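Protein chains in written order, with my numbering: chain R, 1 to 329; chain G, 1 to 255; chain D, 1 to 306.
A couple of the hints might just be wrong.
[As the list claims (entries may be wrong)] The calculated label-pair distances, taken between Cβ atoms and stated as ranges, are: (1) P135(G) <-> F309(R): 20 to 28 Å; (2) W31(R) <-> T166(D): 40 to 48 Å; (3) F29(R) <-> H267(D): 48 to 56 Å; (4) V143(R) <-> C68(G): 33 to 41 Å; (5) T168(R) <-> E136(G): 44 to 52 Å.
Hints listed in this document are in silico derivations from the structure and should not be mistaken for laboratory results. Note that this is a predicted model, so its numbers are computed, not measured. No residue lacks a Cβ here, since even glycine has one placed at the ideal position from N, Cα and C.
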Amino acid sequence: MLTTRQLIFWLLPIPFLLAFCLLEGSSGFGWPDTATPTGRALLELRLSRVATGWVVGAALSCAGCAMQAVLRNPLAEPYVLGVSSGGCLGAALVIAFGLSVISPLALPFGAFVGAAAALLLVCTLAGRVGSYTPNTLILTGVVVGSILSSLLMLLLSFAQSRAVHSITWWMLGNLQSASWPLLAMIAGLVALAIGALFAEARSLNALLLGAEAAHNLGVRTRIAVPLILGAATLAAAAAVSVSGIIGFVGLIVPHALRRFTGANHRMLLPCAAVFGGTFLVLCDTLARTLFAPHEIPVGVVTSLIGGPFFLFLLTQTRPAAPLREKAAQ
Amino acid sequence: MITLEHVTARYGENIVLNDVSFTVGRGEMLALVGPNGAGKSSLLRVITGQLPAQGTARVCGTDTVRLCPRTRAKTLAVVPQEIARDIPFAARDFVLLGRTASLPRFGGPSDADDDAVRDAMLLTETWNLRDRLLPEMSGGERQRLALAMALAGKPEILLLDEPTSHLDLRHRAEIMRLLTRLNREQRTTILMVVHDLTLASQFFSRLILLSASRVLADGAPADVLRPDLLETAYACPVRVIPLPGVSATCVLPKL
Amino acid sequence: MARAPKRLKSVAGENRLVAACRILLVGSTFALVGCPRQAVQNPNAQGIRLASTAPNLTECVYAVGAGDTLVGRTESCNYPPEVGRVPVVGGFGTPWLEPLLAVRPTHVLGTVLADPDLRRRLDALHIPIIHVPCTQLDEVPAAIRQIGDLTDRHAEGERVANSLQTGIAAARAETAHRTIRPRVLLLLDASAPITAGSPAFISELLELAGAVNVGTGPTAYYRFSLEWLLQQNPDMIFCCFETRSADPAAPFAAQNGWSALDAVRRHRVYAVADLDVVCRPGPRLMEGLAELKRILSLDARRTGGP
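Could you build all of it, start to finish, from the sequences and the hints given here?
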């Protein structure tokens, strides 16, 4: 575990990294010539990609932390309650019926509505079964997710090839957000969600010991658990609506960070927001420069990098005497 | 402090507590004994308000289910049987969890919180472990930390569910000595679920024997640890041997 | 003892049921297996029966006057209107085996067949697949001639093919001397940045109409990055999808990157009215060319230049 001072040391290079990412683009390396309108537009494009990547990365990482704590499952990730299938189905419906001509906001809106509808469905079904325990929620999420995926496949089988191509590309993840107002809306939603999660950081810590122990420690589990799951899913749905399905970030960023910050969510959540966002921006920079001018989907890069990196972390033996921690004062 | 009157609790169709009544006064120290499945853990859940029940269940005069969670957590602390070993908490942060009810939502721990944590860890002899991570500790160290976490909240009532199961002889003795001291010096009310009847007779002046969701006996060890009662409860022949010099009773199964 | 007769009766009943099932099974097997053989048995007695696997080939068949020989079409075949009578036997490039066999075709016309396994199955059933190359501009007249010969409409096929060739040559001559050609982005999809590369038919048509396609990728259909588009900065954008707004430039003006393009800022974004004629390499290619020219001249009038 790191001391606070060491964490700040790791935080310092981040703004430089993000600025560096602005230099990279599928049209070449270098600061665009801001004298020409093309150059300004290029810079704006790259800025929007970096900003979107940061917001989406932060949203997915924080949502992943919360899901893993509440569901007490190391494999839990932001999409576990059907968000990915719902978002895909919503986006696919918009694309297949050509609704994106109505407005550039139609596609994100459709994806968001789909994701939110999936969560509502999961909660309703869990309520019918009679319990909101982690196991019930996860199983219901799996069931709803597979039903929605089947509907998606049904839609794909009837859709024209062009629509199928578009839907598949959307699902692979893309950080080019349509417009600044849209990004502002999404950023607002994500900030709200992460704020709610941070406010419940102490409850999250207690919930790591189980719902019963948390109850004994004074946490109102009946309110805290749905609130936390709702906030995490809101963050995930907002991320999905603007960027498609980007996997691995919400799963491994929390695990990777816990080795350095410990399980205390008062440290883990802010670090997840900052480092998770940076991680995704770096992956996206790679995605658009590795095979320039072709851009590969960012979800591919996160999986290809995230997997081996996580394996590397697992093989690291724990140091015999961990670094001395200063008391959080 | 704890009052149960004609409490009946059930999980679905299963009745786990059947017309249980007893009162625990301030500063009492009593052990809850009985066979597996008798309803001991369910009884603890009724007291903590997790299991709603028919009848009256009150803690400090208020119904257990109506008690505000923060107030309840400050009055009553539970030491669980098992602490999951894979949560990467530093020991000090883990014990700080015991202060959850008094910690502010956004701010850091106050001096009072830090002092309470230090006192609790010194009492349980875990202060030297404060920077180590939970997964690196032995079962005994984790159990002492669980007790420290409960004590950090400075509760008036301590509920313990088999806290000595993983401890060796020395640590078991130390925990029981600590609990006895707490009870004597700070008048902490202690209610502990125990499997070891000999241990129960040695440290507790009052025992409640639960069997098949009913209270079979409630009183001093000499009155509760009777062969006929024990054989009814455990469905197994027992030998009860009083140990005169040490005010304890040895209970052995008859083979 | 009273039970024994009942049992015998039920056993007899069961036997009858089993026998009936067996007959049904065998009978239906024969019926199913028997069907395809009919297609091969007497091709000449029923005449040519064509099944088309592409909309442009369907149009070619009607253009040579052989519409009555068409017995199967794809779900995207929509011209001429009388094609609606013909049963659907598959999607573009992917015929569905059972409906195809049910219409008993003598030949299957294909230009792009997606599934190689299908080819093997049709070969096994002795149904010939006629490969009609018809994906590029210069292949269309030859394709029409080929279909004309196949359906015994040689004269009609020659006539249509010659008129197309004349039209193409005239269009080439007209624009040959032009030095200034407008640069156009062909946007193929409303929700994704997809354009047509140089081998695409629509790209060839555009060049014939006197413009330049900024999309120079090697495949007919590919995804571009916005940074590339900004560097290209085309003069015009042609939307090859259904737009529902009066001003096709409006949705782009609100989006990052697109809003900085000259074409968007000067509202030189146009919707292509009839998508079929510009995307299908077929007998109506002159109409497609006319449509593109219409848009180009509309733009020239609005902006006062090429």
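For each hint, the structure was consulted:
no., hint, result
1, P135(G) <-> F309(R): 20 to 28 Å, "21 Å, holds"
2, W31(R) <-> T166(D): 40 to 48 Å, "54 Å, violated"
3, F29(R) <-> H267(D): 48 to 56 Å, "34 Å, violated"
4, V143(R) <-> C68(G): 33 to 41 Å, "37 Å, holds"
5, T168(R) <-> E136(G): 44 to 52 Å, "46 Å, holds"
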